[in-house]
Amino acid sequence: MKLVAGLVVSVALFGGAHVLHGGQGPSTAVERVSSSTYRLTANGDEAACAVQRGAAVSDGLSRLKIAPDCRKLMPGIERAKFWREQADGSVAFSENGIDPIVTFSVADGDGYESYEPVAPLLALNNK
5 MKLVAGLVVS
15 VALFGGAHVL
25 HGGQGPSTAV
35 ERVSSSTYRL
45 TANGDEAACA
55 VQRGAAVSDG
65 LSRLKIAPDC
75 RKLMPGIERA
85 KFWREQADGS
95 VAFSENGIDP
105 IVTFSVADGD
115 GYESYEPVAP
125 LLALNNK
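Just so we're aligned: the sequence shown equals residues 5 to 131 in my numbering.
Wrong hints could be hidden among the right ones.
Derived DSSO-like pairs (lysine-lysine); straight-line CA-CA distance at most 30 Å [what the hints assert, rightly or not]:
| hint | residue 1 | residue 2 |
| --- | --- | --- |
| 1 | 85 | 69 |
| 2 | 131 | 69 |
| 3 | 131 | 76 |
| 4 | 131 | 85 |
For the record, the hints were derived by calculation from the structure and aren't laboratory data. Predicted, not measured: the structure shown is a model, and the values here were computed from it.
Turn these sequences into a full structure, and let the hints guide you.
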């Protein structure tokens, strides 16, 4: 009887895994597909560059693509590879997923404004 129950549990687990992975076998990917494009500006200047939030890596952490010309707005920002969203809605860009290069708070309306570092003041708005 225990053998039959064990067999039923094994088949259920295998079947559940098969359904969850779309019948393509086990998946090692953690990323979910989502992407948003933003316009980054400094101090309300006319100069702008593109920032793209890519696929999620883990809860609150996503890939980040920053256009090379963003360096003109804030030297060093082009090294950022990750977008981390905090529970309070703030967003940090980092090279390693942990240490922020720049941190943004939710702005009035649609977008974000940087608060760390203090200068330059950066605005991040949906395109």
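Structure-based check of all given hints:
1. Annotation: proposed proximity of residue 85 to residue 69 holds, straight-line Cα distance about 6 Å (limit 30 Å).
2. A hinted pair counts as satisfied when its Cα atoms are at most 30 Å apart, and residue 131 with residue 69 qualifies at roughly 15 Å.
3. Among the hinted pairs, residue 131 with residue 76 is consistent with the structure: their alpha-carbon atoms are about 19 Å apart, no more than 30 Å.
4. Among the hinted pairs, residue 131 with residue 85 is consistent with the structure: their alpha-carbon atoms are about 20 Å apart, no more than 30 Å.
Checked against the numbered hints above, the structure violates none of them.
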